[in-house]
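Chains A and B, in that order, give the protein sequences. Numbering-wise, the UniProt record's numbering puts 42 at position 42 of the first sequence, and it's gapless, one number per residue. Numbering-wise, the UniProt record's numbering puts 12 at position 12 of the second sequence, and it's gapless, one number per residue.
Hints listed in this document are in silico derivations from the structure and should not be mistaken for laboratory results. It cannot be assumed that every hint is accurate.
Claimed, not checked - Derived EDC-like pairs (lysine to aspartate or glutamate); straight-line CA-CA distance at most 20 Å:
hint, chain 1, residue 1, chain 2, residue 2
1, A, 303, B, 114
2, A, 304, B, 216
3, B, 9, B, 24
4, A, 292, A, 274
Stated by the list, open to error - So these bits of chain B aren't anywhere near chain A, every CB distance computed over 12 Å:
hint, residue
5, 18
6, 19
7, 24
8, 98
9, 107
10, 161
11, 168
12, 169
13, 188
14, 201
15, 205
16, 225
17, 236
18, 270
Every residue, glycine too, gets a C-beta built ideally from N, C-alpha and C.
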Amino acid sequence: MFDLNVPWPVSNYNVKPTPQQLTQLINTIATLYTLGYRYVAINFTLDEKIKLPNGPINPIDIQLLRARLSKYEGLKLFTRLTLIIHDPSQCQGLAKLQSCFDILAVNPITEKALQLATSNLDIDLVSLNFGSRLPYFLKHKTVGSAIEKGILFEICYSYVISGPAGYTLSQSNDSLNLASSALLIRKNFFNNVLQLIRASRSRGLVISSGATQPLQARNSVDVITLMKTLGMDHGRAKHFMTKNPENALRNGRLRIKSNKQTVIIDNRGDVLIDNQFEDPLKKGDTNAYKKKLDDTSSGRLLKKHKPN
Amino acid sequence: MDRNNVLEKRLLSRSYSSRRKIKEILETRYVSLGDQKPSLFLVPTKGSSDEGGKQTSTKSLLHVEKPKDPISKERKTRTRQEFKTYIHETMKKQKALTKRITRNRQVNVHKLLDHYQIPKYEDYTELNNLWQKYMHDLLFNNTKAGGGGVTSTEEDIQLPSLAFILPKLSSAEYVGCMLTVLQSKNTNLIGIRGIVLWDAQHSFIVVSPRDTQANEIAEASKSPPSPTELVGGLKILPKTGTLFAFDIVLNDRTCIGFTIVGSRFELRSIDRAGKKFKSHNVIDL
Numbered sequence: 001m002f003d004l005n006v007p008w009p010v011s012n013y014n015v016k017p018t019p020q021q022l023t024q025l026i027n028t029i030a031t032l033y034t035l036g037y038r039y040v041a042i043n044f045t046l047d048e049k050i051k052l053p054n055g056p057i058n059p060i061d062i063q064l065l066r067a068r069l070s071k072y073e074g075l076k077l078f079t080r081l082t083l084i085i086h087d088p089s090q091c092q093g094l095a096k097l098q099s100c101f102d103i104l105a106v107n108p109i110t111e112k113a114l115q116l117a118t119s120n121l122d123i124d125l126v127s128l129n130f131g132s133r134l135p136y137f138l139k140h141k142t143v144g145s146a147i148e149k150g151i152l153f154e155i156c157y158s159y160v161i162s163g164p165a166g167y168t169l170s171q172s173n174d175s176l177n178l179a180s181s182a183l184l185i186r187k188n189f190f191n192n193v194l195q196l197i198r199a200s201r202s203r204g205l206v207i208s209s210g211a212t213q214p215l216q217a218r219n220s221v222d223v224i225t226l227m228k229t230l231g232m233d234h235g236r237a238k239h240f241m242t243k244n245p246e247n248a249l250r251n252g253r254l255r256i257k258s259n260k261q262t263v264i265i266d267n268r269g270d271v272l273i274d275n276q277f278e279d280p281l282k283k284g285d286t287n288a289y290k291k292k293l294d295d296t297s298s299g300r301l302l303k304k305h306k307p308n
Numbered sequence: 001m002d003r004n005n006v007l008e009k010r011l012l013s014r015s016y017s018s019r020r021k022i023k024e025i026l027e028t029r030y031v032s033l034g035d036q037k038p039s040l041f042l043v044p045t046k047g048s049s050d051e052g053g054k055q056t057s058t059k060s061l062l063h064v065e066k067p068k069d070p071i072s073k074e075r076k077t078r079t080r081q082e083f084k085t086y087i088h089e090t091m092k093k094q095k096a097l098t099k100r101i102t103r104n105r106q107v108n109v110h111k112l113l114d115h116y117q118i119p120k121y122e123d124y125t126e127l128n129n130l131w132q133k134y135m136h137d138l139l140f141n142n143t144k145a146g147g148g149g150v151t152s153t154e155e156d157i158q159l160p161s162l163a164f165i166l167p168k169l170s171s172a173e174y175v176g177c178m179l180t181v182l183q184s185k186n187t188n189l190i191g192i193r194g195i196v197l198w199d200a201q202h203s204f205i206v207v208s209p210r211d212t213q214a215n216e217i218a219e220a221s222k223s224p225p226s227p228t229e230l231v232g233g234l235k236i237l238p239k240t241g242t243l244f245a246f247d248i249v250l251n252d253r254t255c256i257g258f259t260i261v262g263s264r265f266e267l268r269s270i271d272r273a274g275k276k277f278k279s280h281n282v283i284d285l
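Please model the entire structure based on the sequences and the hints provided.
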């Protein structure tokens, strides 16, 4: 199972995450692992106005995370960037970012931004802000053409779980009540998701957690139940957590690993997705992929008839 | 210069079927004495129908010698057609041999391979070596260390970046490359490998090795080879929905692996050379 959205604790280049925040992130990933998620993408959110630094563009220290999560077998970590876009004509630095992150997502603020992002930019995901009322009406034409191109739409379920206040004790009759702001967020979430389902005709959606705390992670049964309340059938809801995110991940990985999806570097493991062999800082570097001739059976065969 | 006049012979073989005649023409072509006069020996392949008694007694410079025998069928077939029939016939023979082996496991396969004229992997390894050399010239020629990489034994050759290598690979030639099927919709194909003989639009035609080396997965599991694996020979691997792996040898110990996405490679190699590729929806991979 895939979870393509675990937020990185900071969202700009100036601040480094504190050890406490890092531990919480690792705990969240560990919780997701025990719930059955094997492919986890760590999400770094960036506003388009922020200027890129001269140093490494990807602030996520994936090697540190891998080292600390090494005991979880089969866990695969990826990095993701979400760009908040106001005006897509100003997105010049996208080409620079493409080679640094495994997945590229956008969060368009305006309708024009959504339209231009889906038609012009080379991205994998569109992540809308479901906590507040959507500022524009989602048109089936825009959403449908994006899905046709392979750009998927993301739903984060943490909005439902992590209201700013959660449950509170109301003074009057000593019973548990939801805080009004949490209620509002929930109402908005269901409204917006229903809109997205209508616009996309329930195709091409991806469900991810967006969990900042371990407690906000949910297993597949819970998520499917949530989708069922929104009128989705079981099989489709399952695809939103397995097949569709895999496609998004492939799309992003192939952008780095291949030349327009024709020839891919490397032929070990799951070639379409894996990123364990590459240099996390310099993804375009070929030297990291070198391997020993004796390791593979075809390599041994080639060695046999090699001229001296 | 080529003393055997291979090219001239080739050209004339389109017009004359007898070898002796061609040889005679080539030997006496510069003699302007006796009955030999400067003339053009090529016979037009089209529109050669007789134009009804218009023959003149004097031989002009552009005199056309009429072939005595009608053009044999063999000569008329186009190279492409001939290649096609060759593949079909070989596939048929392979099928027959496989059947024979299935019936009687004790037969001497090596003798039968010659009898059935099935192409052998060993004959094509030289082609693969040539291809490896071509890849080195194509990819690493610009960098100083990589140019001598074929024979150098030093451990770390600095390779050019992915952005430089990959576009070159997607318009490269793959005849002679050693391919292994990594993933396929047809699960029976997974693990099959061989040296590419022909890069067709929708399939790769490969010559696969025999016995235990025929299949990567079978080799790992150490299961006894099946009759088809004993035969080896030509294999037609469809490109749709298949991933092909191949390796480029860097030096004695290291190599670098690449994968071809078959579904995006469904072009003839001539068309592929000049094509500008585009990313598509990845659902079909």
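Check each numbered hint against the structure and report the violated ones by number, ascending. 1, 10, 11, 12
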